[in-house]
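J.: One letter stands for each residue in the lines below.
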Amino acid sequence: MNNVNITEELSFSRIIQGFWRLADWKMTNAELVTFMEQCIEVGVTTFDHADIYGDYTCERIFGEALSLKPSLRDEIQIVTKCGIKLPSVNYPDRKVIHYDSSKPHIIESAEQSLRNLQTDYIDVLLLHRPDYLMDPEEIAEAFSVLKKDGKVRSFGVSNFTPSQVAMLQSYVDAPLVTNQIELSAMRTDNMENGTLDFMMQHRMAPMIWSPLAGGRIFHEQTEQAIRLRTTLERIGAEIGAQSLDQLMYAWLLRHPANLMPICGTGKMERVKSAVDALKLHMSQEQWYDVLESSKGYHVP
Amino acid sequence: MNNVNITEELSFSRIIQGFWRLADWKMTNAELVTFMEQCIEVGVTTFDHADIYGDYTCERIFGEALSLKPSLRDEIQIVTKCGIKLPSVNYPDRKVIHYDSSKPHIIESAEQSLRNLQTDYIDVLLLHRPDYLMDPEEIAEAFSVLKKDGKVRSFGVSNFTPSQVAMLQSYVDAPLVTNQIELSAMRTDNMENGTLDFMMQHRMAPMIWSPLAGGRIFHEQTEQAIRLRTTLERIGAEIGAQSLDQLMYAWLLRHPANLMPICGTGKMERVKSAVDALKLHMSQEQWYDVLESSKGYHVP
Amino acid sequence: MNNVNITEELSFSRIIQGFWRLADWKMTNAELVTFMEQCIEVGVTTFDHADIYGDYTCERIFGEALSLKPSLRDEIQIVTKCGIKLPSVNYPDRKVIHYDSSKPHIIESAEQSLRNLQTDYIDVLLLHRPDYLMDPEEIAEAFSVLKKDGKVRSFGVSNFTPSQVAMLQSYVDAPLVTNQIELSAMRTDNMENGTLDFMMQHRMAPMIWSPLAGGRIFHEQTEQAIRLRTTLERIGAEIGAQSLDQLMYAWLLRHPANLMPICGTGKMERVKSAVDALKLHMSQEQWYDVLESSKGYHVP
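Protein chains in written order, with the working numbering: chain A, 1 to 300; chain B, 1 to 300; chain C, 1 to 300.
Incorrect hints may appear among the rest.
Calculated lysine to any residue pairs in the SDA-like style (CA-CA distance at most 25 Å, straight line) [to be verified]: (1) A:K103 to B:K148; (2) B:K103 to C:I107; (3) B:K148 to B:H105; (4) B:K295 to A:D189; (5) B:K103 to C:Q38.
These stretches of chain A come out as covered by chain C in the derived footprint (C-beta under 8 Å, 3 or more residues) [stated by the list, open to error]: (6) 89–98; (7) 247–257; (8) 287–300.
Computed beta-carbon distance windows for the label pairs [said to hold, decoys possible]: (9) C:P300 to B:S144: 24 to 30 Å; (10) C:L278 to A:E238: 52 to 58 Å; (11) B:S144 to C:L278: 26 to 32 Å; (12) A:P104 to C:P300: 39 to 45 Å; (13) A:P104 to B:L278: 19 to 25 Å; (14) A:G43 to C:V145: 57 to 63 Å; (15) C:A237 to A:R234: 23 to 29 Å; (16) A:Y297 to C:D55: 16 to 22 Å; (17) C:P70 to A:E233: 50 to 56 Å; (18) A:E238 to C:V299: 36 to 42 Å; (19) C:G296 to B:N90: 35 to 41 Å; (20) C:D24 to B:P87: 44 to 50 Å.
No wet-lab data here; the hints were simulated from the structure. Built from N, CA and C at the ideal position, the CB exists for glycine as well.
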């Protein structure tokens, strides 16, 4: 698999494994170690987390498995996120979901992630959502402290608009190395509103969440989903794809911006299927056929 | 009160007094002098005008009062605006409202403002609205002449989008020091469309008009206004606010961009109430509670 | 006619003649030569083409006429475009319209345009539409090859957003000299969404397509068109315009960004009428009257 250079010292696997639903997979620690090893074997070495996943449990489950085989740490890149404060049984005082990108919260959240993940460092820490109240000077200070202490190697953002990235970057010394955004053949906004353009202009590597539109591609009975499935099935037959989801990955991987889709499954055969999407070749015309089926009209 | 640095030589008070409705206040010149002195006493030293306010009368009313006590001039900062041409009994030839940012109009308008305000200089002159026909080279020349002649110290804009500011700034030597924009808990667009991000990125201090949504917060019977009042009243009780409007100011003042709300009242107790909003502390969660009540949904 | 400087060596005529509908004009080669000569005579020296116009036939028709009088080549500037792949009887394998800005396609398309137009060089080659899959490094290479070989002198884009221009420009050495965009009194989006601001900021000269809204201004029975015609007729009488279309041109020419409208007619008297629009003087107020009639509301 071609890796994607994130910084001079860091590269990500083109397909990223996400642990958003880890708590639902009901794996034993040993099973989870095996899953990680199988991911690494097929070249999927970058693992995506967030403090809040599984109502603040997924990082801990992952860390417990990793502690069984700590040598895996050197073979993987860990991304995690901070900045959302979720009402939760774990935080009974919280009444409404809100964001917090204050210096103390970023530092405490990153340190809690280190404990949960049972690791000494996070490869890339992301601000999970653009905080209306983000104070870029405070964020810059928090990043600086975490980097100096060796706790976080690089920083990025998630779901940020271009103007939010540009604003924050103007205060933060280190480059914001990625923006994790939603993108799929069912949801192309970020290809049209300047978000992806801005990342290409500034050589930021895009991490992609919901590459399968949250699974909607498989069963949704909207006109869009039906049109899109019909086209994907036809093109799948033309280029030898094994499944709808593989086509959805192939469509993203065809884009020149080195998109890195995050695979959210706990089933190894689905991860492999995503990896095998890298071998498919979709023509420019087939790619547009998918796009136009998604939109329901032809490009002008 | 913490002042906000606008340039190396100029700072604004965090709460700005606006004279949009001055003609309606029916103050005698002596009463207006007293009002100015009381504003200055509580730290409100920046006064916002426009040529067109009160159908071209407010600047003149203000100037007549100021001429009674010219020593006040050194204690205040005067902002005024130009560029809108309003149909008016004073300009019977005008048929439709339009903008004019030609060099002659900017210079003549600023000179008329000086005469009306009975002062030798304007601290900051703003282009009131983005003129579709603005010729940035002409504007740059007009600004340059006014600055060289000591008539205007700094320049800014109002209701400009980021691309309009960037375009104009690329022609104008002196920094555009502010953009006066609409913002309130009822009207958050400029926090979401990149306008505020751009100003933070470029270290422009934002002046805020309609911080109380033109008074709609007090009486409007829309679902939004009702939801928002309910939340503001609850949070007001939690943090010890005296009134709805004070909460509305506190919500803006909590933002890290050093927002400078413009207070439009002629009642000194309302000005004081706005100033006292600076002492309130709203938590991140309370701030988001207000935001989400305004929107009617939770942040993702 | 004031020409518009595009590069140090190249200038365009303020009114550009478009050959989009050339195939419909049913001119003999001799008639077309005469039409070109008449255009040149009134100062319209820049001619706009695209590979796809007339289902891939217009460039060829033009080239056949030009070959009758090759000396005209030095008196004109030829713009053409590439990057759209149209389903066509000429390309029976194509199933859906799509874009292609791969290096081989750009080079082959430009070379085919040279053969069709029977000329040795294209003055400016435009990417016709923003390709979702544009690989800016490939585009930069294609442009570089074409320029080195003397086949194309300068490059530009068409229908690009600011973020797309900024992204592409960050990879391409030579300046993108123009962005051909839609604009008219009936369709003002590009004056409001930042596209024109961005071009002014970066000193790109805008080519304007559909200055007459595709002819809708003449006959459309929408409220907008009726309002606009009423105002244009009134103002036309005030400033001595000869026709509705001349007013539509005058409205564009009044803008300070040096807009270059593309005239799509094959009738010489209509071209002359567009050129004569340059002599009309529309006041700021008249210009806004047209704008506000188009929108159906007054500016704030």
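J.: Hints broken by the structure, by number, lowest first?
T.: 1, 2, 5, 6, 14, 15, 18, 19
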